[in-house]
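Participant: Sequence:
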Amino acid sequence: MTFAHRCHPASAVRRGSLPVVAALILVLVPTPARSQSQEESKPFQPAAQPSNVPAAIAELQSLQQRKEQQLKSTDKFNVFYGFQFEDRLVQSGIRFRHQVVDDAGKAYKPAHYDHGTGVAIADVDGDGRYDIYFVSQLGPNQLWKNLGGGKFADITGSAGVAVQGRIHVAASFADIDNDGDPDLYVTTVRQGNVLFENDGQGRFKDISKASGLDYVGHSSTPIFFDYDNDGRIDLFLTNVGIYTTEVKGPGDYYLAFEEDAFHGQLKPERTEASILYRNSGNNTFVDVSKQVGLVDPGWSGDASSADLNGDGYQDLYVLNMQGDDHYYENQGGKTFVEKTESLFPKTPWGAMGIKFFDYNNDGRMDLILTDMHSDMSEDIGPEKEKLKADIKFSENFLQGGANNIFGNAFYENLGAGKFREISDAVGVENYWPWGLSVGDLNADGYQDVFIASSMNYPFRYGINTLLLNNRGKEFLDSEFILGVEPRRGGRTRIPWFNLSCSGADKSHTMCKNQEGPIEVRGPLGSRSSVIFDLDDDGDQDIVTLDFGSEPQVLINNLTEKRDVYYLKIKLIGRASNRDGLGARVQVVAGPNSYTQVYDGKSGYLAQSSQPLYFGLDAAEQVDRIEVEWPSGRKQQLTENIAINHVIQITEID
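Going from the sequence shown to this note's numbering is simple: count from 1 and add 183.
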C-alpha cells in the first residue's frame, strides 16, 4: 500500500541547508493558524503523572495489541521467519549503562543532546572475535572484549579508551595507518575529538593533537573513506551546528539553548560546516574542504560514501537534520560537485540515518534514509506510525517544503544515474527513527533492516523496528514476530530522575499537584545499533545502544531452527586502503548473485570494522567471488571456496 503525505506550497528552487535545527523539535500541539514565530515550534510536552504507572499500563496493552496484529500478517511472508531474538545482556556479562546529561533528564530541553550516542565493533586485538565499544554521553565510554560464546569482559582501562571527562557522541573504527589493526576516532561536544592509534594488541594511544583531528565543536559521525584512491583512508566529519550556550552545567557540559536550539536553520550565525580531512600519511590529516569544494553547512548527524556513477571514486551523501540533504559527486578525487537535484530531487526534511545497500539483488546500490524530525511535528498514536508525517511546522520554519519528503525515504537504484523513491510502496516508514543497521538476519540472501527508534522522557514508549526483506519485493514489520519487541521482561520505562516536590524542585513541571519526593520514570529508547555475528554461530545478532539505560544484546537463534549457509569475507587491501573501504564484492551461487560494497557503515553515529556477511539461502556451494578494489584492480576466486567460514581476500599486486 502506498501512503500519501500532505504537500506544502513552497518555492521549487532547492534551498541551501543553513544550520538545521537538528533533532528533536518536540511534538507540537495542533493550534489554529497564527503568525510565524518561535512559538509555533515550541515542543509538545506530554501530560503524565510522575510515576507514569497509567502510561506504562497503556503501553503494555498497546504492545500486546500490536503483537497480535503482526502475528496475523505472516501470510504475506515468502521468507523464513521461524526464528527468534532473545536479549541476553545479563548472560553476556556486559555491565555498561549509558549516562545522559541533565539537559536530557531533570532539566530536559528540546535540544540535540537527545540524539544519543553510538556503538561500534572491531577486532581490536587480532584474536578473530569482534569487540564492542559503547559510547556514553556523560561518563566514560567502555570497550568490551569478546571472550567467545557470547561472553564479554571490560577492557576499557587496559585499552585506554574511556575518554573520561568529556561529552561524547560517536565512534568509528578504521585502519588509518594501514598497519592491519583498527584505530578509533571518538567525537565530542565542544571538548575536542579524539583519535586513538591501536598498537595491534588492543592498547590505544591518543594521537589527536599530532594528527590534526582534535577539532573542537558540535561534532557527530566520523565517516572514513578514501576519496582520492591514494590507498589511505580520509575522514569526513559531520558537524551538527551550534546548539549550546557558554554556560556549563553539572558534568561539565555546555547547556543547550533554552528555547530555540532547534531553530538553527533560521540562524546563519549558528552554522558549523562539516569537514573533509585528507590523510597525508604518518597519521596526519589536513582540512581540504574548501580546496575540493566540499563545504556542507547543513546540520548533519551522519553521511555515507558510495560510487553512484561507477567511475571508481567514492561520492558522498550528506544528511541534513532539518532541511535538504546534499549529494556530492566526486570528480576524480580532486573536487566534489553537488548534484542532489539531478539524482534526488526530493529528500527527507529531517534525515537522521543512512545506508546504501542492494535490497533486491540486482547488483545496484539502493539507498534508505530515516527521517526523525518530521515525526516531531505532531503527537500521534501507534495507528499512524506507518504514515508519512502530517506536518504542522510553518513554511518559514521548513524554509519551503516542496522538495522534501516528510518521513523515511527509500530510493531504488534504476541504473544510469536514476533513482525512484518507493518508501511507502516497500513499507519502510516507521515512527521516531534514528539509526539503522542492515544485515541478512535469516540468511536467505536478502538484506534486512533494523531501525533503532523511539523517544525517552517526556514522551511515550516507542518501539524498535525490524523489517524483514520479502525477497526484494517489500519489507515486512517483524519486530514482534521475531521477539525484538516487547523488550526483556516487558519493560517500557525506567527511573529517569528524582524530585523534591515540597522543596527545591517544587517549580518543576512534573511536580504539578505533587508533594514530597517523587520518582519520575521515562520510556526506554534505542538510538544506535550494530548487526554482527556476536557468538560466531553463523547467524547475525543485534546490539543496541539505549539512551540512558543498558544496551540490548539480541541473540539470534536462526542456526537452531534451520540449516544456515553463509560466507564471511574479510578484505585486505594492498594498493587500496588496508580495510578495503569502497571495495565492491559479488558472490555468485548457482543462479543467485549477491552484491555488497564495504563501507563500514554499521549504524547511526558509528562505523565498524568487520567482515561482510553473505547469506546463501539454500546454496551449499559458491561458484565464484568477484572483488573490485578501490585501486581499480579486479579479482576473481573460483576454487576452494568453503562456505560457513571466513574467507580472507588479499588484493592482488
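Be aware that a few hints might be false.
27 Å max Cα-Cα, derived DSS-like pairs, lysine-lysine [what the hints assert, rightly or not]: (1) K250 - K571; (2) K517 - K575; (3) K473 - K431; (4) K334 - K689; (5) K601 - K334; (6) K250 - K567; (7) K656 - K571; (8) K522 - K450; (9) K517 - K255; (10) K656 - K567; (11) K529 - K656; (12) K656 - K250; (13) K575 - K259; (14) K517 - K817; (15) K751 - K656; (16) K567 - K529; (17) K431 - K392; (18) K255 - K817; (19) K817 - K751; (20) K529 - K571; (21) K450 - K529; (22) K529 - K431; (23) K250 - K744; (24) K569 - K259; (25) K569 - K250; (26) K450 - K575.
Simulated restraints, written as ranges between beta carbons of each label pair [unchecked claim]: (27) V478 - G265: 34 to 42 Å; (28) I835 - L254: 34 to 42 Å; (29) K689 - Q244: 53 to 61 Å; (30) K744 - G434: 43 to 51 Å.
Since the hints were derived computationally from the structure, they do not count as laboratory data. Backbone N, C-alpha and C fix where the C-beta goes; we use that ideal spot for every residue, glycine too.
Participant: If a hint holds in the structure, say so; if it doesn't, say that too.
Facilitator: Going down the list of hints, with the structure as the test:
1. K250 - K571: holds (22 Å)
2. K517 - K575: violated (42 Å)
3. K473 - K431: Violated, at roughly 33 Å.
4. K334 - K689: violated (45 Å)
5. K601 - K334: violated (46 Å)
6. K250 - K567: This hinted pair holds, its Cα atoms lying about 16 Å apart.
7. K656 - K571: holds (20 Å)
8. K522 - K450: Satisfied, since the Cα-Cα distance of roughly 25 Å is no more than 27 Å.
9. K517 - K255: violated (54 Å)
10. K656 - K567: holds (23 Å)
11. K529 - K656: With a Cα-Cα distance of about 23 Å, the restraint between K529 and K656 holds, given a limit of 27 Å.
12. K656 - K250: holds (23 Å)
13. K575 - K259: violated (34 Å)
14. K517 - K817: holds (23 Å)
15. K751 - K656: holds (25 Å)
16. K567 - K529: holds (22 Å)
17. K431 - K392: Given pair K431, K392 holds - Cα atoms ~24 Å apart, limit 27 Å.
18. K255 - K817: Violated, at about 47 Å.
19. K817 - K751: holds (19 Å)
20. K529 - K571: This hinted pair holds, its Cα atoms lying about 14 Å apart.
21. K450 - K529: holds (23 Å)
22. K529 - K431: violated (39 Å)
23. K250 - K744: The given pair, whose Cα atoms are some 21 Å apart, holds under the 27 Å limit.
24. K569 - K259: Holds, at about 17 Å.
25. K569 - K250: Holds, at about 15 Å.
26. K450 - K575: holds (20 Å)
27. V478 - G265: 34 to 42 Å: The hint (34 to 42 Å, Cβ to Cβ) is violated, given that V478 and G265 are roughly 51 Å apart.
28. I835 - L254: 34 to 42 Å: For I835 and L254 the Cβ distance comes to about 50 Å; the hint is violated.
29. K689 - Q244: 53 to 61 Å: violated (33 Å)
30. K744 - G434: 43 to 51 Å: holds (45 Å)
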